[in-house]
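Student: All chains, full assembly: derive it from the sequences and hints.
Here is how the chains run, residue by residue.
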Amino acid sequence: MNAVDVKARPGRPSGFVPISILLAMIFPLLIMPLAAIYFFAASSGFEGFIDTLRQPDVLFALRFSLLIAFATALINGVLGTFTAYVLAKYQFRGSKALSIIVNLPVAIPTVVVGTSLLLLWGPIGILGRFLDPLGIRPMFAPAGVLLAHLFVTFPYMLGAVKPVLDELEKTYEEAAYTIGASRWQTFRYVLLPALRGGLFAGTLLTFAHSLGEFGATVLVSGNLRLRTQTAPLYIFAQFEAGNIETANTVAAILATFSFLLFFLLLRFTQKGSKREQE
Amino acid sequence: MSITLTDISKRFGDHLVVHGINLEVQNGELFVLLGGSGSGKSTILRMIAGLTAPDTGTIKLNDLDVTNLPPQKRNTGFVFQNYSIFRHMTVAENIEFGLRIRKAGTDEKTQRREELLDLVGLTGLGSRYSDQLSGGQRQRVALARALAYNPAVLLLDEPFGALDVKIRAQLRESLQEIQEKLNVTTILVTHDQEEAFELADRIGIIEKGNLIEVGDPEELYHRPKTEFVATFIGGGNVLVGRVRKDQIQLGPISLPFPKDAPVHQEGSPVRILIRPETILLRNSNFRLARDIKLSVQGQITERIFTGSHQRLRMEVDSLQGFWPATSGYGKQLTRIETIQPNSPTDEQFLPGQSVWLGIKKYHVLEPTRLKVLICFDPKTNENASLEFGCRLAESARGPATLLAVVGSDISMDEVKSKFEQTKSGYFSHLPNMETKARQGNVPTEIILETQEGHYEIVVLGQQGKSPGRGLSMMARQILTSINVPVLLVEASRPKIERILICTAAGEPGKMDVLVGGRIARQTGAQAMVLHIPHPESSRVALRQIERHLGQAKDTLEALGVPTEYGIKEHAHLVEGIIQEAEEGDYDLIVIGASFQPHPHQLRWMDIASQIIQRTNRPVLVVPTSF
Numbered sequence: 013m014n015a016v017d018v019k020a021r022p023g024r025p026s027g028f029v030p031i032s033i034l035l036a037m038i039f040p041l042l043i044m045p046l047a048a049i050y051f052f053a054a055s056s057g058f059e060g061f062i063d064t065l066r067q068p069d070v071l072f073a074l075r076f077s078l079l080i081a082f083a084t085a086l087i088n089g090v091l092g093t094f095t096a097y098v099l100a101k102y103q104f105r106g107s108k109a110l111s112i113i114v115n116l117p118v119a120i121p122t123v124v125v126g127t128s129l130l131l132l133w134g135p136i137g138i139l140g141r142f143l144d145p146l147g148i149r150p151m152f153a154p155a156g157v158l159l160a161h162l163f164v165t166f167p168y169m170l171g172a173v174k175p176v177l178d179e180l181e182k183t184y185e186e187a188a189y190t191i192g193a194s195r196w197q198t199f200r201y202v203l204l205p206a207l208r209g210g211l212f213a214g215t216l217l218t219f220a221h222s223l224g225e226f227g228a229t230v231l232v233s234g235n236l237r238l239r240t241q242t243a244p245l246y247i248f249a250q251f252e253a254g255n256i257e258t259a260n261t262v263a264a265i266l267a268t269f270s271f272l273l274f275f276l277l278l279r280f281t282q283k284g285s286k287r288e289q290e
Numbered sequence: 116m117s118i119t120l121t122d123i124s125k126r127f128g129d130h131l132v133v134h135g136i137n138l139e140v141q142n143g144e145l146f147v148l149l150g151g152s153g154s155g156k157s158t159i160l161r162m163i164a165g166l167t168a169p170d171t172g173t174i175k176l177n178d179l180d181v182t183n184l185p186p187q188k189r190n191t192g193f194v195f196q197n198y199s200i201f202r203h204m205t206v207a208e209n210i211e212f213g214l215r216i217r218k219a220g221t222d223e224k225t226q227r228r229e230e231l232l233d234l235v236g237l238t239g240l241g242s243r244y245s246d247q248l249s250g251g252q253r254q255r256v257a258l259a260r261a262l263a264y265n266p267a268v269l270l271l272d273e274p275f276g277a278l279d280v281k282i283r284a285q286l287r288e289s290l291q292e293i294q295e296k297l298n299v300t301t302i303l304v305t306h307d308q309e310e311a312f313e314l315a316d317r318i319g320i321i322e323k324g325n326l327i328e329v330g331d332p333e334e335l336y337h338r339p340k341t342e343f344v345a346t347f348i349g350g351g352n353v354l355v356g357r358v359r360k361d362q363i364q365l366g367p368i369s370l371p372f373p374k375d376a377p378v379h380q381e382g383s384p385v386r387i388l389i390r391p392e393t394i395l396l397r398n399s400n401f402r403l404a405r406d407i408k409l410s411v412q413g414q415i416t417e418r419i420f421t422g423s424h425q426r427l428r429m430e431v432d433s434l435q436g437f438w439p440a441t442s443g444y445g446k447q448l449t450r451i452e453t454i455q456p457n458s459p460t461d462e463q464f465l466p467g468q469s470v471w472l473g474i475k476k477y478h479v480l481e482p483t484r485l486k487v488l489i490c491f492d493p494k495t496n497e498n499a500s501l502e503f504g505c506r507l508a509e510s511a512r513g514p515a516t517l518l519a520v521v522g523s524d525i526s527m528d529e530v531k532s533k534f535e536q537t538k539s540g541y542f543s544h545l546p547n548m549e550t551k552a553r554q555g556n557v558p559t560e561i562i563l564e565t566q567e568g569h570y571e572i573v574v575l576g577q578q579g580k581s582p583g584r585g586l587s588m589m590a591r592q593i594l595t596s597i598n599v600p601v602l603l604v605e606a607s608r609p610k611i612e613r614i615l616i617c618t619a620a621g622e623p624g625k626m627d628v629l630v631g632g633r634i635a636r637q638t639g640a641q642a643m644v645l646h647i648p649h650p651e652s653s654r655v656a657l658r659q660i661e662r663h664l665g666q667a668k669d670t671l672e673a674l675g676v677p678t679e680y681g682i683k684e685h686a687h688l689v690e691g692i693i694q695e696a697e698e699g700d701y702d703l704i705v706i707g708a709s710f711q712p713h714p715h716q717l718r719w720m721d722i723a724s725q726i727i728q729r730t731n732r733p734v735l736v737v738p739t740s741f
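Protein chains in written order, with this note's numbering: chain U, 13 to 290; chain H, 116 to 741.
Each hint should be verified, as a subset may be incorrect.
Residues on chain H that point at chain U, a partial pick, calculated with CB under 7 Å [unchecked claim]: (1) 187; (2) 197; (3) 199; (4) 201; (5) 203.
None of these hints come from the bench; they were simulated from the model. Here the structure is a predicted model, which is why all the values come from computation and not from measurement. Cβ coordinates follow ideal geometry from the N, Cα and C atoms, glycine included.
Tutor: Below you can see the structure in the form of structure tokens.
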């Protein structure tokens with residue numbers, strides 16, 4: 013680079029004003045609320061914190077939330093990957109419509125999802141009324157919570173995997189075929205490894221969303237303690253009952269967990285994009 | 116035989132991509148499929164690998180019919196233009212992939228991998244990932260991966276297309292060495308003729324899904340059979356003349372047929388190829404000698420400096436077709452390109468300069484099938500000429516062009532959509548059909564197109580007729596200024612089986628018989644040569660006529676056309692012809708029309724016009740100045 017080039021470049025304007033405005037905006041909007049959770053959680057001291065964690069309701073809610081999130085991530089991980097594969101590799105009548113439909117859950121308010129699940133699976137629902145006499149009652153039970161979470165988080169896996177599949181040229185698969193690999197071997201040895209990043213990101217996103225799901229869960233679970241109460245529901249219930257400190261403790265744990273997941277995700281995606289740039 | 120393709124065809128929707136390919140590739144041969152983009156060459160390769168299924172035909176690899184086998188079962192090695200190296204695998208893992216699928220032992224895998232890394236010149240790079248390799252190295256990995264499991268055939272789809280010139284040259288050399296060493300039967304697909312020449316044992320030229328010619332590189336370069344190959348490979352000047360008295364008539368010049376030239380029928384077009392490097396230039400005339408076959412004068416229009424050589428374009432007074440009787444429909448020039456070595460001491464040639472061209476060698480191409488130009492008026496919905504023209508092109512299996520000439524009042528997009536509609540209706544099944552649109556004055560553009568494309572017949576619909584006059588001005592212009600037969604179609608015919616060729620006293624020349632015969636031969640029709648003598652003809656005259664007709668019959672039968680001839684007495688010539696045409700239900704009437712200012716022959720243009728007015732059967736008017 014010679015001197016002329018440097019001169020020709022316009023001077024960088026001072027960023028002081030816009031940066032200050034940004035900080036002034038973000039501070040009350042994002043940073044202060046996050047800080048408040050830990051501030052309050054710490055106010056009752058470490059003892060109080062441990063005491064809260066000893067309560068069976070709290071333990072159950074946290075365990076249940078994690079379990080549901082694991083199950084959701086696992087099931088939607090597989091279903092989402094399969095959906096992405098089919099939609100990316102096959103053109104069929106209605107495939108465009110289908111790819112819009114499977115993405116709809118992100119656009120529907122979660123409360124509406126809860127309502128519609130109740131109207132389908134509930135004791136007087138379209139399917140539920142036939143299942144009820146058989147003793148199958150998915151609503152107000154852990155299965156209902158799982159159903160709601162599967163619905164709400166379905167698009168995340170798809171969104172993470174399908175773009176990768178779309179971009180992966182067909183010749184990779186074709187190369188594998190000519191080398192002699194079967195369809196399954198091609199998927200196993202060629203596609204799946206190429207999807208690693210997408211799979212990981214999608215699973216984490218699904219997990220995180222499931223962990224925090226509230227709107228649909230509150231309707232389909234019936235909010236039954238020690239049976240269907242997830243951590244977010246517990247927090248809400250404690251707030252309503254006036255037990256702000258207990259609610260806060262669980263909120264802090266949930267927040268921490270979410271942060272961890274988020275940073276994991278961030279690190280992974282950054283690493284992925286860096287590798288691609290090379 | 117390593118690879119045998121029999122009648123392979125493939126259609127994508129309406130589009131015929133590969134059309135009846137037959138090909139045999141020998142063991143250990145490096146065969147190159149050369150063609151432009153969209154010519155169907157990659158599709159052929161993909162069908163051999165099993166990545167695309169042919170609609171018809173069979174594919175055999177090492178005498179085993181693999182047409183219905185999936186790609187996994189064909190044991191081919193395929194190299195893609197984009198390398199398609201598995202990114203999450205190391206170079207070694209990529210190369211071992213085929214062996215891993217085949218469940219080879221670890222030792223075998225390691226040994227084979229090292230062999231291949233050495234072979235492709237990547238020794239020591241086995242542990243790298245593809246993003247740590249250059250484009251050339253990636254393609255070497257792809258080659259090694261495709262060879263690792265000893266495939267029956269190696270298929271390369273534009274393997275060097277994404278690489279820069281220098282790397283490409285290196286890789287070509289490596290590929291050739293490797294291919295020779297392993298003796299693996301290889302098909303390489305490319306659009307780069309230099310690459311084809313350098314690598315190929317044999318080349319197959321693909322155009323619009325047809326395998327046009329197959330041959331070794333030198334054969335294709337020096338002795339091509341078709342005009343397409345002559346001009347596609349290297350620079351080629353193709354001049355079109357006519358056969359006249361067993362000589363090649365090129366404008367004012369006659370040339371003998373070389374000994375190895377393919378047989379041409381009298382009167383049919385002859386195409387000769389003159390390679391740019393076989394032309395000598397000088398400021399004075401050449402004396403015809405053994406090494407100079409032809410000397411003509413021309414003017415340099417353009418000079419392009421290309422380093423060691425210079426490329427000169429020049430214009431020569433019409434060297435094509437038959438010397439027109441009425442000169443001066445526009446200025447008829449022939450463009451010729453030459454390549455001359457650049458040497459500072461030689462004579463200098465500059466644009467504008469007049470020079471003599473000494474042609475050392477010319478090569479006669481195979482006679483073509485009937486080449487038809489169908490004129491189409493996008494403003495009318497007249498389809499008879501289109502339908503009959505397509506039928507003629509189809510039964511003659513020759514090349515045809517559908518031409519629309521439009522003024523500025525209609526947009527090219529409209530013409531295109533019209534073409535699309537027409538295409539699905541009439542010629543979606545004709546692989547040799549082209550469409551073309553020109554803007555401007557209708558007769559001028561048709562005449563220019565006919566000359567540029569060297570068509571043998573111009574098909575006209577309503578445009579060719581004018582009420583009360585029979586032949587329209589446009590048809591007359593085409594006939595008189597460029598001597599090309601005009602086919603007028605008012606109503607189409609469902610078939611072309613019977614052709615009526617009308618001759619008359621005053622011998623209108625052999626041209627009508629020859630053109631009619633050429634159509635009959637290529638369409639498989641039978642011909643009737645008719646003569647209606649003047650009512651007061653003498654016995655001697657009638658005997659002479661009969662002798663003429665007998666000669667015509669012999670000529671036609673020599674072309675393989677079943678022929679009859681007849682003398683019909685009728686008081687009125689035109690009436691007689693029409694009556695015979697109706698009685699015999701002929702599909703095509705051929706009539707000679709002279710335009711030379713000769714009082715006796717002048718009336719033939721009028722007779723043609725009267726016939727056109729009186730019948731709605733297709734009429735072919737053949738100019739008989741020759």
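Student: For each hint, tell me whether it holds in the structure or not.
Tutor: Against the structure, the hints:
no.: 1; hint: 187; result: holds (5 Å)
no.: 2; hint: 197; result: holds (6 Å)
no.: 3; hint: 199; result: holds (4 Å)
no.: 4; hint: 201; result: holds (6 Å)
no.: 5; hint: 203; result: holds (4 Å)
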